[in-house]
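Assemble the whole structure, with the sequences as input and the hints as a guide.
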Amino acid sequence: MAERVLMKGNEAIAEAAIRAGCRHYFGYPITPQTEIAAYMAKKMPKIGGVFLQAESEIASINMVYGAAAAGMRVMTSSSSPGISLKAEGLSYIAGSDIPAFVVNVQRGGPGLGGIQPSQSDYFQATKGGGHGDYKMIVLAPASVQEMASLTIKGFNLADKYRMTAMILADGTIGQMMEPISFEDAEIETYEKPWALTGTNCERKHNVVNSLYLQPDELEKKNFERYERYKVIEQTEPMWEEYQMEDAELCVVAFGIASRVAKNAVAAARAEGIKVGLIRPITLWPFPTKALNAAADKVKGFISVELSMGQMIEDVRLATQCKRPVALCNRCGGMIPSPDEVLESIRKAQKGEF
Amino acid sequence: MEHKRLTLFAGHYGSGKTNIAVNYALHLAAEGKKVCIADLDIVNPYFRTADSAEDLENAGVTLISPQFANSNVDLPALPAESYRLVQDKSIYGIMDIGGDDRGAYALGRFAPMILEEGNYRMAFVANCYRPLTRTPEDALEILKEIETACGLKFTCLVNNSNLGPETTPETILDSLDYIEKLSLLSGLPLWLHTAEASVAPALPETLKPVLPLRLQEKYFALPSQKPQNRPLWG
Numbered sequence: 025m026a027e028r029v030l031m032k033g034n035e036a037i038a039e040a041a042i043r044a045g046c047r048h049y050f051g052y053p054i055t056p057q058t059e060i061a062a063y064m065a066k067k068m069p070k071i072g073g074v075f076l077q078a079e080s081e082i083a084s085i086n087m088v089y090g091a092a093a094a095g096m097r098v099m100t101s102s103s104s105p106g107i108s109l110k111a112e113g114l115s116y117i118a119g120s121d122i123p124a125f126v127v128n129v130q131r132g133g134p135g136l137g138g139i140q141p142s143q144s145d146y147f148q149a150t151k152g153g154g155h156g157d158y159k160m161i162v163l164a165p166a167s168v169q170e171m172a173s174l175t176i177k178g179f180n181l182a183d184k185y186r187m188t189a190m191i192l193a194d195g196t197i198g199q200m201m202e203p204i205s206f207e208d209a210e211i212e213t214y215e216k217p218w219a220l221t222g223t224n225c226e227r228k229h230n231v232v233n234s235l236y237l238q239p240d241e242l243e244k245k246n247f248e249r250y251e252r253y254k255v256i257e258q259t260e261p262m263w264e265e266y267q268m269e270d271a272e273l274c275v276v277a278f279g280i281a282s283r284v285a286k287n288a289v290a291a292a293r294a295e296g297i298k299v300g301l302i303r304p305i306t307l308w309p310f311p312t313k314a315l316n317a318a319a320d321k322v323k324g325f326i327s328v329e330l331s332m333g334q335m336i337e338d339v340r341l342a343t344q345c346k347r348p349v350a351l352c353n354r355c356g357g358m359i360p361s362p363d364e365v366l367e368s369i370r371k372a373q374k375g376e377f
Numbered sequence: 720m721e722h723k724r725l726t727l728f729a730g731h732y733g734s735g736k737t738n739i740a741v742n743y744a745l746h747l748a749a750e751g752k753k754v755c756i757a758d759l760d761i762v763n764p765y766f767r768t769a770d771s772a773e774d775l776e777n778a779g780v781t782l783i784s785p786q787f788a789n790s791n792v793d794l795p796a797l798p799a800e801s802y803r804l805v806q807d808k809s810i811y812g813i814m815d816i817g818g819d820d821r822g823a824y825a826l827g828r829f830a831p832m833i834l835e836e837g838n839y840r841m842a843f844v845a846n847c848y849r850p851l852t853r854t855p856e857d858a859l860e861i862l863k864e865i866e867t868a869c870g871l872k873f874t875c876l877v878n879n880s881n882l883g884p885e886t887t888p889e890t891i892l893d894s895l896d897y898i899e900k901l902s903l904l905s906g907l908p909l910w911l912h913t914a915e916a917s918v919a920p921a922l923p924e925t926l927k928p929v930l931p932l933r934l935q936e937k938y939f940a941l942p943s944q945k946p947q948n949r950p951l952w953g
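For the record, the sequence lines run as chains Z and C. Residues 25 to 377 in my numbering are what the first sequence lists, from first letter to last. Residues 720 to 953 in my numbering are what the second sequence lists, from first letter to last.
In case anyone wonders, no lab produced these hints; they're calculated from the structure. Virtual Cβ for every residue (Gly too), placed ideally from N, Cα, C. Do not take every clue at face value.
To be verified - Chain C regions said to be covered by chain Z (calculated; three or more residues, Cβ under 8 angstroms):
1. 840–851
2. 881–893
To be verified - Stretches of chain Z that chain C covers, calculated by requiring three or more beta carbons in the stretch to come under 8 angstroms of a beta carbon on chain C:
3. 28–37
4. 55–64
5. 132–142
6. 328–336
If you want it as structure tokens, here you go:
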């Protein structure tokens with residue numbers, strides 16, 4: 025058996041990033057993700073890497089932009105308000121088609137909000153956040169083990185598709201401790217002929233840039249980028265199905281909400297209610313096919329979220345509004361209890377959505 | 720077990736200081752002592768002594784906790800009552816110090832008074848399954864950083880090696896070489912082993928003393944991981 029260690033979710037991200045070959049971390053502290061920076065500060069100097077606390081979030085995302093342009097595996101991490109500050113840089117990185125890895129350990133919003141867990145940056149992560157037409161690969165871990173494995177996956181996908189991969193976690197998973205191992209870490213490496221590594225006067229120089237002087241060139245770039253996004257939507261969705269075989273109702277939840285929801289599903293099953301759960305692991309690309317297939321079997325969905333209802337829109341789109349979708353939610357740093365989710369399941373069983 | 724008037728728990732963040740401090744406070748209270756516990760963690764606003772406020776109150780333990788603990792106010796400030804621990808010599812005082820050197824800076828202001836009284840025990844809490852204290856050498860580095868930050872020297876070690884819900888007696892027995900080596904490197908004696916209350920009885924009798932820990936049940940266990948006796952929601 026692989027070696028087991030007891031880790032916080034935030035530490036698991038940092039350690040996994042190092043194992044994935046990340047040697048450049050630029051960040052700015054904010055609760056509840058500061059352990060990522062603290063871990064990097066401790067470890068990077070020992071392995072010849074760079075830990076740099078920038079003067080601001082905006083500075084740190086632009087340092088990521090620079091290091092990524094030079095072909096490095098690089099990351100930054102923050103929590104909700106900090107990600108808003110990084111949004112401009114995320115858009116520039118997308119417009120330049122370079123790989124980056126970004127972590128958002130969400131807290132309650134909007135504004136300065138609070139420091140307790142939340143999932144209310146779903147729209148920001150999956151629909152943009154920054155300006156312009158672009159997507160990020162968004163990964164939603166539901167355990168400390170997944171914080172590690174999806175970090176490695178995120179670095180791989182970012183390099184593969186030359187775009188940003190984001191871990192969208194929350195304060196609970198960031199702070200909680202669970203035993204994990206790093207046994208299945210599969211590090212993929214990709215050639216980066218576009219990287220700014222110096223020409224040695226042997227090749228034409230590379231340019232990394234998001235500015236296009238001719239509108240038709242910019243349009244062509246956008247069309248090309250969206251062709252790449254189409255491939256990702258076809259090949260990269262990840263999700264977990266739990267007790268869906270004979271389900272008549274389907275709970276949809278990601279991250280920490282899915283753990284609460286699983287307990288509620290188990291309790292509802294004990295009452296004889298045939299309910300299952302689909303847990304999106306990638307939020308973009310959203311597991312549209314799985315949800316749409318479920319819509320042909322179940323009589324309704326319950327979206328469980330730590331927000332005012334954001335993913336619920338993607339559930340409705342994915343299922344083409346074939347079935348009603350109820351919302352079971354808490355926000356502002358509060359987490360729904362299994363009893364609250366169970367009550368929503370009971371209502372849905374009675375046809376109340 | 721012999722008790723000092725002041726007991727300080729410090730160590731790497733996530734090493735288990737808060738759980739041990741709370742359980743030790745309950746242990747002292749069960750012996751009929753007048754106990755006061757102070758949460759001096761100004762670093763991590765998420766997991767705190769105040770989470771156990773009800774248990775402590777029921778046991779008659781006085782809790783001194785930052786005014787804004789468990790709220791959205793991420794304010795590194797200590798309440799004035801913290802001084803009671805060093806000034807009121809009729810009580811047994813327990814200090815739960817924040818993680819690493821950063822967490823230990825807050826202790827510095829009490830250090831002269833603690834040294835003057837000279838009736839304290841300062842325990843370095845170690846878990847060999849934590850990645851940044853995986854080797855005795857790594858743990859020693861953090862131990863020294865904490866001493867520099869707070870101006871006090873550790874007097875003993877607490878072996879809190881565990882893998883959370885996966886902890887078995889073997890998990891703890893496998894840590895003995897580690898803690899012995901850390902004891903040798905630091906020159907500090909081992910004071911306590913700890914074990915979750917359900918694991919403690921299965922440990923060999925030669926292993927002592929052991930402080931059995933009752934843990935907060937605020938654990939997002941999945942149905943498959945959940946012991947039968949645990950409520951759905953802690």
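Here's how the hints hold up against the structure:
For the region 840–851 of chain C, the assignment as covered by chain Z holds, since 5 residues bring a beta-carbon within under 8 angstroms of that chain's beta-carbons and 3 suffice. Proximity of the region 881–893 of chain C to chain Z, defined as three or more residues with a beta carbon under 8 angstroms from a beta carbon of that chain, is established by the 5 residues found. Under the rule that three or more residues need a Cβ within less than 8 angstroms of chain C, the assignment of the region 28–37 of chain Z holds, with 6 such residues. As drawn, the region 55–64 of chain Z meets chain C at 5 residues by the rule of a beta-carbon pair under 8 angstroms; at three or more, the given contact holds.
For a cut-off of 8 angstroms, the count of residues in the region 132–142 of chain Z with a CB near a CB of chain C stands at 5, and the three-residue condition holds. With 0 residues bearing a CB less than 8 angstroms from a CB of chain C, the region 328–336 of chain Z misses the requirement of three and the coverage assertion fails.
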